[in-house]
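Peer 1: So the protein sequences, as listed, match chains U and C. Here the working numbering runs 3 ahead of the position in the first sequence, where the first position is 1. Here the working numbering runs 7 ahead of the position in the second sequence, where the first position is 1.
Honestly, the hints are just simulated from the structure, not real lab data. Possibly wrong hints are sitting among the right ones.
Claimed, not checked - Not close to chain C: a few residues of chain U, all C-beta gaps over 12 Å, as computed:
#	residue
1	Pro9
2	Thr10
3	Pro39
4	Ala51
5	Glu82
6	Tyr84
7	Gly126
Claimed, not checked - Below, a sample of chain U positions facing chain C; criterion: calculated Cβ distance under 8 Å:
#	residue
8	Val28
9	Val89
10	Met90
11	Arg92
12	Val95
Idealized CB from N, CA, C, for every residue including glycine.
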Amino acid sequence: MSMLPPTAVFRFPWEVNSIKEGESVRTFGRLVCYQPDESKATLTAQHASKEHRVFVQTQFVEPFNPIIGAQYLVLGETEMYEGVGVMVRARVLNCVDGVNTALLQKAIAEQRSFFAERESKQGEVAQPQDVT
Amino acid sequence: MQAAAMDPADEPPSMLWGMDPIFSAFARLFVRDILQMTESVQVPGIYFYNLHPIYKVDVLGTVVYKRERDDFFCYGVDDGTGVINCLCWKSNLLKEEEDPSKSGTKHSDAAEGGFDLVAELRKLRQKQRKRCHLEIGELIRVRGPVKTSRQQREITASTYYKVDDPVMAVQIAWMMEVPQLYRLFYDKHFQLDEAGDSAETSLSKATNIIKDFLKQRLVAKFRPYDVQDLLQPLISGRLQTQSAGQEAVAGPSGCQQLNQLLKEVLQVLQDQGTVYRKVKSQDEVYHVTIQDKDLLITVKDIIREDSKREKYAEKGCHILHILSAVRQRYSLNVSKAALELVLQTLECDSDIVSTSDSHYIAF
């Protein structure tokens with residue numbers, strides 16, 4: 004029996020800190036700092052003239068070649084750490100330097116609005132959905 | 008994870024599934040929808056999304072799970088909406104191990120500095136292998152039929168390969184494109200036109216009846232009443248279905264319907280160029296374009312004469328030039344569509360040849 008990991012839903016970096024523990028997420032940011040002794044990497048992203056940080060636990064994806072200043076895509080589970088807050092324990096950490104972040108944001112928003120649209124349409128039809 | 012089962016009565020009959028173009032395509036559904044599709048009651052192995060019959064899909068996602076056996080890979084693919092297992096069989100090419108001794112001797116035989124076939128084949132095989140061996144975190148594209156095995160949905164890949172996406176361009180394009188596909192196709196209901204006697208279908212049926220008649224009998228010219236009776240069966244059929252279990256409706260009589268239909272058909276045939284009215288007078292006479300020998304000869308003569316002139320000798324005569332000449336010499340009522348049919352006929356008979364899309368010249 005294959006045990007597939009849960010779906011990693013796309014989140015914006017500024018949403019990560021408000022996610023509860025144990026959620027599988029996929030997010031992105033620019034690598035500003037890497038502490039190999041602690042297996043901790045820090046990604047940042049600009050939004051609404053504020054800099055948002057995402058902390059990443061890199062134990063599972065080491066060794067990786069850290070390119071400071073490059074854009075990275077991280078996929079993993081959220082964990083709460085004392086003093087730090089939310090950290091993403093990475094299962095996948097890919098360098099995607101050169102990515103058009105504005106376009107990526109647009110694509111994520113487009114996918115979300117599509118699902119929201121569909122859900123509201125289904126709600127209108129008012130069919131009882133048996134969600135197990 | 009399964010959504011509520013669709014009411015079996017809602018399923019369209021399996022005979023009609025082939026009419027839905029999505030059935031024959033690799034549907035680019037979100038993995039979430041693939042996992043939630045209901046399985047058909049009529050034919051297990053076919054699934055339904057929004058009343059569309061689906062059996063093969065196309066996904067793009069990140070590999071988050073990998074299991075390798077001698078014969079196959081099992082990749083868990085996550086596209087951000089769901090994770091699904093993909094069974095990817097290894098092709099025979101990739102299973103062969105390199106035999107160093109064999110390749111060694113062959114290498115010495117190869118021409119020096121020339122095209123080394125063995126080395127090239129080895130490189131090709133390595134490239135193919137790289138495309139099929141994926142690691143966790145890499146992007147994979149999988150196409151294939153959906154199967155439910157051991158109560159888990161999985162895709163048996165008919166095609167799979169690693170996608171090189173260094174700046175996420177492919178993933179972004181996919182995320183933008185798939186909602187559009189949903190809006191335009193997948194979320195639209197599977198419309199089936201039952202064999203109804205809609206106004207459009209009976210018009211095309213009628214047009215074909217008249218066209219076939221004119222062709223078979225090699226009719227050169229006719230008047231409306233000559234072909235009127237051909238359409239009678241269509242009208243009687245229509246009247247019968249109307250009267251079957253319906254109160255009398257104050258509508259057009261059979262005769263009026265026939266006249267109306269005939270008028271529409273003749274208009275369609277004129278628009279297509281199949282027939283034309285050489286002389287527009289009280290007497291409604293229709294000439295069948297390609298049977299009009301005089302017209303054919305006139306057009307041939309025009310092209311032949313003009314091809315001799317220096318102006319047209321090389322490039323040929325443009326169709327609009329021929330059209331104005333025909334209208335001057337022969338009949339004002341020859342339409343461009345009719346002329347195109349004439350030119351096609353002449354070209355088939357090798358009397359003229361087209362030098363470009365709209366230029367013609369005589370031999």
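Peer 1: Each of the hints needs a verdict: does it hold here or not?
Peer 2: Comparing the hints with the structure gives:
1. The Cβ of Pro9/U sits about 7 Å from the closest Cβ of chain C, inside the 12 Å cut-off, so the non-interface label is violated.
2. Not every C-beta of chain C lies more than 12 Å from that of Thr10/U, the closest at about 5 Å, which undercuts listing it as non-interface.
3. Residue-level check passed: Pro39/U sits 19 Å from the nearest beta carbon of chain C, beyond 12 Å.
4. With a cut of 12 Å on Cβ distances, Ala51/U stays outside the contact zone with chain C, its closest approach being about 22 Å.
5. With a closest Cβ-Cβ approach of about 18 Å to chain C, Glu82/U is found to remain outside the 12 Å limit, as its non-interface label requires.
6. Distance check for Tyr84/U against chain C: the nearest CB is about 23 Å away, which clears 12 Å, and the non-interface claim stands.
7. No Cβ of chain C comes within 12 Å of the Cβ of Gly126/U; the nearest lies about 14 Å off, and the non-interface call holds.
8. With a least beta-carbon distance of about 10 Å to chain C, the hint placing Val28/U at the interface is violated under the 8 Å criterion.
9. Interface hint at Val89/U: violated, since its Cβ lies 20 Å from the closest Cβ of chain C, which is beyond the 8 Å cut-off.
10. Against a cut-off of 8 Å between C-beta atoms, the interface hint on Met90/U is violated, since the closest Cβ of chain C lies about 19 Å away.
11. About 14 Å separates the beta-carbon of Arg92/U from the nearest beta-carbon of chain C, more than 8 Å, and the hint is not met.
12. Interface hint status for Val95/U: upheld, as the beta-carbon distance to the closest one in chain C is roughly 4 Å, under 8 Å.
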